[in-house]
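Asker: Here are the chains, one letter per residue:
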Amino acid sequence: MTRNHTAPALAAGAPPARKPKTSAAQRRAVLLFVAPFGLLFLAFYAVPIVFAIVQSLLTVERKGTFGPPQQVFGGFVQYQQVFQNTEFWESVGRVLLFGVVQVPIMLGLALLFALLLDSPLLKGKKFFRLAFFAPYAVPGVIAAIMWGFLYSPSLSPFGAVTSQVNFLSADLVLWAIANIVTWVYVGYNMLIIYSSLLAIPTEIYEAAKLDGASNLQIAWRIKIPLVVPAIILTGVFSIIGTLQLLAEPQTLRSFSSAISSTFTPNLAVYTTASVPNYSLAAAFSVVLALATFVLSFVFLKATQRKVSQ
Amino acid sequence: MRVRYGKATAAFAIVSALSLAGCSSGGSTSASQDSSCKPSSGPVELSFTTWVPGMDKVVDLWNKDHPDIKVKVQTGPNGNSGTYQNFFNQLQAGNAPDLGQIEYDALPNFRVQDGLENIAACEGVADAKDKFVDWTWNQVTFGEDKAVYAVPQDSGPMAMFYRADLFKEAGIKVPTTWDEYAAAAEQIKARGSYITNFPRSDVNWFAGNVWQAGGQWFANANDKWEVNLTGKESEKVANYWQKLLEKGEVSTLPSFSDEWNASFNKGQQWTWVSAVWGASTLQSGAPDTSGKWAVAPMPQWEAGGKAAGNWGGSSTAVLKGSKHPYEASKFALWLNTDPEALALANKLGGLYPAAKSAKDLDAFSGGVDYFGGQKIYDVFADASANVNPNFTWGPTMTKTYTDVSDGFGKATGGNGTLLDALKDGQKKTIEALKSQSIPVKE
Numbered sequence: 000m001t002r003n004h005t006a007p008a009l010a011a012g013a014p015p016a017r018k019p020k021t022s023a024a025q026r027r028a029v030l031l032f033v034a035p036f037g038l039l040f041l042a043f044y045a046v047p048i049v050f051a052i053v054q055s056l057l058t059v060e061r062k063g064t065f066g067p068p069q070q071v072f073g074g075f076v077q078y079q080q081v082f083q084n085t086e087f088w089e090s091v092g093r094v095l096l097f098g099v100v101q102v103p104i105m106l107g108l109a110l111l112f113a114l115l116l117d118s119p120l121l122k123g124k125k126f127f128r129l130a131f132f133a134p135y136a137v138p139g140v141i142a143a144i145m146w147g148f149l150y151s152p153s154l155s156p157f158g159a160v161t162s163q164v165n166f167l168s169a170d171l172v173l174w175a176i177a178n179i180v181t182w183v184y185v186g187y188n189m190l191i192i193y194s195s196l197l198a199i200p201t202e203i204y205e206a207a208k209l210d211g212a213s214n215l216q217i218a219w220r221i222k223i224p225l226v227v228p229a230i231i232l233t234g235v236f237s238i239i240g241t242l243q244l245l246a247e248p249q250t251l252r253s254f255s256s257a258i259s260s261t262f263t264p265n266l267a268v269y270t271t272a273s274v275p276n277y278s279l280a281a282a283f284s285v286v287l288a289l290a291t292f293v294l295s296f297v298f299l300k301a302t303q304r305k306v307s308q
Numbered sequence: 000m001r002v003r004y005g006k007a008t009a010a011f012a013i014v015s016a017l018s019l020a021g022c023s024s025g026g027s028t029s030a031s032q033d034s035s036c037k038p039s040s041g042p043v044e045l046s047f048t049t050w051v052p053g054m055d056k057v058v059d060l061w062n063k064d065h066p067d068i069k070v071k072v073q074t075g076p077n078g079n080s081g082t083y084q085n086f087f088n089q090l091q092a093g094n095a096p097d098l099g100q101i102e103y104d105a106l107p108n109f110r111v112q113d114g115l116e117n118i119a120a121c122e123g124v125a126d127a128k129d130k131f132v133d134w135t136w137n138q139v140t141f142g143e144d145k146a147v148y149a150v151p152q153d154s155g156p157m158a159m160f161y162r163a164d165l166f167k168e169a170g171i172k173v174p175t176t177w178d179e180y181a182a183a184a185e186q187i188k189a190r191g192s193y194i195t196n197f198p199r200s201d202v203n204w205f206a207g208n209v210w211q212a213g214g215q216w217f218a219n220a221n222d223k224w225e226v227n228l229t230g231k232e233s234e235k236v237a238n239y240w241q242k243l244l245e246k247g248e249v250s251t252l253p254s255f256s257d258e259w260n261a262s263f264n265k266g267q268q269w270t271w272v273s274a275v276w277g278a279s280t281l282q283s284g285a286p287d288t289s290g291k292w293a294v295a296p297m298p299q300w301e302a303g304g305k306a307a308g309n310w311g312g313s314s315t316a317v318l319k320g321s322k323h324p325y326e327a328s329k330f331a332l333w334l335n336t337d338p339e340a341l342a343l344a345n346k347l348g349g350l351y352p353a354a355k356s357a358k359d360l361d362a363f364s365g366g367v368d369y370f371g372g373q374k375i376y377d378v379f380a381d382a383s384a385n386v387n388p389n390f391t392w393g394p395t396m397t398k399t400y401t402d403v404s405d406g407f408g409k410a411t412g413g414n415g416t417l418l419d420a421l422k423d424g425q426k427k428t429i430e431a432l433k434s435q436s437i438p439v440k441e
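Those protein sequence lines, which keep their order, are chains A and B. Per numbering that gives the first Met the number 0, numbering through the first sequence is continuous, rising by one, with the last residue being 308. Per numbering that gives the first Met the number 0, numbering through the second sequence is continuous, rising by one, with the last residue being 441.
Derived from the structure by calculation, the hints contain no laboratory data. The beta carbon of each residue, even a glycine, is placed where N, CA and C say it ideally should be. Treat the hints with caution; some may be incorrect.
Unchecked claim - A partial selection of chain B residues facing chain A, derived with a Cβ cut-off under 8 Å:
1. Tyr83
2. Gln112
3. Arg199
4. Trp224
5. Glu225
6. Thr229
7. Ser250
8. Pro253
9. Ser256
10. Ser356
11. Ser404
12. Gly415
13. Ala431
Unchecked claim - Straight-line Cα separation of at most 25 Å, PhoX-like style, residue types lysine-lysine; simulated pairs:
14. Lys145(B) with Lys62(A)
15. Lys62(A) with Lys130(B)
16. Lys62(A) with Lys426(B)
17. Lys62(A) with Lys223(B)
18. Lys62(A) with Lys440(B)
Whenever a hint applies, use it, and build me the whole structure from the sequences.
Answerer: So, in structure tokens, the structure goes:
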């Protein structure tokens, strides 16, 4: 960043071939500043990923019914199993369906709340900002346990409803989970969009008002277009989060008989690792990571084109 | 031994975080068949992971008398809910505890992953054979000579808990056969209650019923595993419960959940065909029904029969990599045979010991208030004697359980049948064995 500021000055007096010299001391300083992040990134991100990839290429060999297992290189044997595993792909389909319905609802609500917080008409903004954000402070497992009790047909304080409609049945449990996820994350996404709204210069609103724009028109024609990047960001986060659903379905398993051990892709990974079949679990994880990456990338590309149009 | 699932979920987040951290260095365990087992020099400290409530108090008894062999207790969630995952990860990382609680049905799984020390050569272990109920000893030796992979801890002979008051009031005969049980189910349904709950996730409960009917799911013969989840006994049991499910005469709540407890506590459940440890589960889960329960032998497939199944029961195993197998097996033997230890483990943890001497203990000879003063342990002692001693568990039970349980979940939701679930489990178990390179007969 600093180079940008000094660049014109340099360009004015210095010959074009000359590069700014970085001394050894400067290089050391850069290293020093990067090191904390770099080491943590290496230890908790790069190494585990490489380890998972290596693990996914191994397979087990043994002699006899109780022979000790030996891990040997197996090539793409595990990946072959991944692609033949119907439960895994059913779970991927399930979370995609989940995402298609839940993400737009959640982001729509987040945008609505952010606009309300930003509107001059609302009183008690501080209170509402905190109130909307509070559920995000509740850990996912605790939230799932709480909702589990609320849904439960005979233990719920809303027994009059839950004894009529079983939210934990095979037909509804996916949407029961969607409701929990929405409840937890609306506030978080709202905050991202809201902070992006605050960054819009107020002069733009004044100009719009002088031109006779109503509050609704300002929201629709100025605010929303300007916070689109923030919405895209929350969209990518949500897609990643959806594919990685684990805590909520795993916790609700003790409330509902309808959640299988392969309900979501991550649950399938966990179940497979418990067998223990680490290599297959690693292969599932690698495929899931790639799918997440591709999906996020496609989403970014698609939305970027729209924005630039 | 079983604890409610609710507690397990809270531990889940921690468990998964740990299991991520525990992934390092795979496949380095060697198959050292040590035939020697010598005492260590100097004082040692042993770690012991268990999920039996109150086990730390029992271990305090040991630590008081054995300052040189100090045992440290770590508690975890119920085996399949997290502790086994931890064990597998710890074994992989080479830092497993010295001793671990492992249910009989999981022992083959641990042996096939090379996770157990053979302690047959350790002092006093081989001689302990006669101290334990025969079938439990078979489970820890896999029926082999010169092999002892764990010390039996407790067992789970099955019987029928039933609401004596409700049956009497309604004038319904307490069922002694499964036919009578189905007939009673219909009458109870007409009164707006359930005869019992079908536990879709407790596949080991279902296996206990197949065990009673004379079935066998696995066999280890001629250097190959045989898988038979769909034999005629399994089919009989599956079709029986399928009928009750279709008529809506049994509920399908997740077992050991708060919902499940509430259902028993409110008197909506009239019976529970369960294991001996179920007595303490009921007492803590349904306190309002105290004094109203009684215990009868398991309903029979043939009138006048005496067959019983078994559900659960654990062993204390010395895990691979322990540096002190001598001291560890000494402690395991004490824990599971010492009268004082057994009495306390029963009082605090509800364990029904696998040791033969148990029936002479005061704790197992008196009446129990919760069951109207009935001497319930007499019923379970009879059941224990009528459990088929030759029942073999497969080497990937965790996988078999989850697959069948998923199928049972579908069946209870009206999608497919219990028998379909077993057929699917059969197919997937064979696949799982193959993917682990375990020889299997197809």
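Asker: Run every hint past the structure and note whether it holds.
Answerer: Okay, the hints, checked on the actual structure:
Because the closest C-beta pair between tyrosine 83(B) and chain A is about 7 Å apart, less than 8 Å, the hint holds. Here the hint on glutamine 112(B) is kept, as its CB sits about 6 Å from the closest CB of chain A, short of 8 Å. Taken as an interface hint, arginine 199(B) checks out: its beta carbon lies about 5 Å from the nearest beta carbon of chain A, inside 8 Å. For tryptophan 224(B), the shortest C-beta to C-beta distance to chain A is roughly 6 Å, which falls under 8 Å, so the interface hint holds.
The criterion of a C-beta within 8 Å of any C-beta in chain A is not met by glutamate 225(B), whose closest approach is roughly 10 Å, and the hint is violated. For the restraint placing threonine 229(B) at the interface with chain A, the shortest Cβ-Cβ distance is roughly 20 Å, beyond the 8 Å limit, so the hint is violated. Annotation: interface hint on serine 250(B) violated; nearest CB of chain A at approximately 10 Å, more than 8 Å. Taking 8 Å as the C-beta cut-off, the interface hint given for proline 253(B) holds, the closest approach to chain A being about 5 Å.
At about 5 Å, the closest approach between the beta carbon of serine 256(B) and any beta carbon in chain A falls short of 8 Å, and the interface hint on this residue holds. With 8 Å as the threshold, the beta carbon of serine 356(B) stays out of range of chain A, its nearest partner Cβ sitting at about 31 Å, so the hint is violated. Here the hint on serine 404(B) is kept, as its CB sits about 7 Å from the closest CB of chain A, short of 8 Å. Hint on glycine 415(B) is violated. Least Cβ distance to chain A is approximately 12 Å, over the 8 Å limit.
At its closest, the beta carbon of alanine 431(B) sits 7 Å from a beta carbon of chain A; the interface hint therefore holds under the 8 Å criterion. For the given pair, lysine 145(B) sits about 20 Å from lysine 62(A) by alpha-carbon distance, which is consistent with the 25 Å threshold. Between lysine 62(A) and lysine 130(B), the direct Cα distance comes to roughly 34 Å. Violation of the 25 Å bound is thereby established for this hinted pair. For a cut-off of 25 Å, the pair hint linking lysine 62(A) to lysine 426(B) stands: about 22 Å separates their Cα positions.
Distance restraint check for lysine 62(A) and lysine 223(B): the Cα-Cα separation of roughly 11 Å lies within the 25 Å cut-off, and the hinted pair is therefore satisfied. This hinted pair checks out: lysine 62(A) and lysine 440(B) have alpha carbons roughly 15 Å apart, not beyond 25 Å.
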